[in-house]
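J.: Residues per chain are reported as follows:
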Amino acid sequence: MEDFLSEFPELSRETLRFIKKGFDASYRAFSREYGDAIEAVFDPVLYFLVWFEKLLQNSPWPIVLICFLAVIYFGSRKISVTIGSLFAFLLIGIFGMWEDTMSTVSIIGVCTMLSIGIGIPVGVLMAKSERAQRICTPILDVMQTMPSFVYLIPVVMLLGIGKIPGLLAVVIYAIPPIIRLTNLGIREVDKEVLEAADAFGANPRQKLFQVQLPLALPTIFAGINQTIMMALAMVVIASMIGVKGLGQPVLKAITNQYFAMGLFNGLAIVALAIIFDRVSQSFGHRIQQHRSGSRE
Amino acid sequence: MSEIKIQIKNLYKIFGKNPKSALEQVKDGVNKDELLEKHNHVLGLKDINLDIKEKSIQVVMGLSGSGKSTLIRHINRLIEPTDGSVVVDGEDVLKMNDESLRNFRRTKTAMVFQRFALLPHKTVLENTLFGLHIQKVDEKEANTRARRWIDRVGLSGYEEKYPQHLSGGMQQRVGLARALTNDGEILLMDEAFSALDPLIRKDMQDILLELQDELHKTVVFITHDLDEALKIGDRIAILKDGIMDQEGIPADILLSPKTQYVKDFVEDVNRARVIKAKHIMSKLNGQDRDNAMFVDQDDFIDRFIDKVISDKPSCLIVKNKNNDEIGYLSTKRLSEILKR
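So the protein sequences, as listed, match chains A and B.
Each residue of the first sequence is one higher than the one before, starting from 1 at the first, in my numbering.
Each residue of the second sequence is one higher than the one before, starting from 1 at the first, in my numbering.
A few of these clues could be false.
What the hints assert, rightly or not - Calculated pairs, SDA-like style, for lysine to any residue (alpha carbon to alpha carbon, straight line, at most 25 Å): (1) B:K161 <-> A:F209; (2) A:K128 <-> B:I79; (3) A:K191 <-> B:D98; (4) A:K191 <-> B:K161; (5) A:K191 <-> B:P19; (6) A:K207 <-> B:M96; (7) B:K122 <-> A:G284; (8) B:K122 <-> A:Q206; (9) B:K53 <-> B:R102; (10) A:K191 <-> B:S64; (11) A:K191 <-> B:S167; (12) A:K78 <-> A:R286.
No lab work stands behind these hints, which were simulated from the structure alone.
Produce the complete structure using the sequences and hints provided.
T.: Take a look at the structure:
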């Protein structure tokens, strides 16, 4: 009796080992069976990612820089942000991090596109159906709170080390905000406006594309911004499974205690984060300007 | 008499988990408070019967919670009733499938909302176009039609503005233009002017009456304001706690309120401004014309009362638009009505 109270009645060591072994063995069998097929599914993404990365790295740097600045300017419409970005990129280049930065930009870009492409439809589904919301919410909770190393294990077991597993890890980590905020944005759309759309005979499709999505856009944009930030935060962890970019020197700096190297690359990540954040935020502000009546 | 356009019959609406069983209770005579307390259901509408005539303005009046907004939403079936029927032009709205209901909403009805319900990301023109856009009307034609109505409600020059840049009154003009551009025969107005300042509200009422003179739509107008109801309504229905207390022309409601509730409501109304000569005249039977005064049937008492006091006629002869004598009004009757 005393034993029962002082020690939690746990499974015997043999049973636990049996469970864990069985679980691992069956997963291993699964990945041996289907790993190649699943990898093939991601081939187009891989080709695109490699093409995009090569494009950024192999094009002459002034052209890439000018393109970046153009995107930054037309995204933010702010001279200050553009000039700040110019200096940030020049410093990155001078300190020898241009190539790694291009890798990081390309993987962040592809991850963001994937997250938007998957996240917005899932968010819409959640907003439309209570059941979808009930199913998705706990899954999103797990995705956001599960330590990322834990889901790196099965991804690596399944697909090995390389770009695609890294991409998957980043997307899993970064996609929840865009799903949640798309769902929230659509659910928050003014009921009376929806009623008006109904009263004028809009079908569900017209309602979604002409009323719900446009009105939810500012919230969705906040989600995209969050997603980009989380993807950036993930690059160091993703570099552990072979994703090239600014994360790898950071990892090297940690293992070898190179403080300066870690600091430089860390600051480059910070610079990218600030640029992405400012541009996406001011773009988000601009598309909703007429709502607040601040134009003119 | 004109045709019945909208016929609402034995309409019940109960909000709650199990409205069907609550309906039985209500039909057995359980009242609103008891239903809420014992069965946790809210009685929205109880046994509403209302015939709305073509080309007339039917006002539905009541305080908040009386079920008036619920009632208007049954006409285009934004709310499903628990029991009863809504027939428009001989067709039961409640039996339509999704597709024909959408079609009905697109072509037959248009709605104006209390808080405007405009799309903030679209300009005035785009908002006005909304109904036609939904119907996939040719862009050019839609544009012409929308611009005509924007002009008609006095918003020319504001086509490219966003709703947030406009005042409440102007936003509701957009709402009205959007509804009129849709060109349905039925105009549903849910407290359309309640959110506006008194002066602007009066403007909008005048615009509506002016347009109605020309367009002859069937208008269902919801309001909580008796003065507004009396001003624009051809007929008025008074709702209280989901039950229709009285329905009739404004003068009848003023002169012979059926329930205490209606009585309280109409007590402070200036009758001279609401009652027209035709409402209170009696049949002619050989009245003396010598010292008589002639009034138009559509004149409010307000218009001729000063003259009655100064001229002291023997009686008033009521004439219609063709100048035929159609009735008379004794000064005694007039003073009774004004004294109440």
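J.: Kindly indicate which numbered hints from before are broken by the structure, ordering the numbers from low to high.
T.: Per hint list: zero violations.
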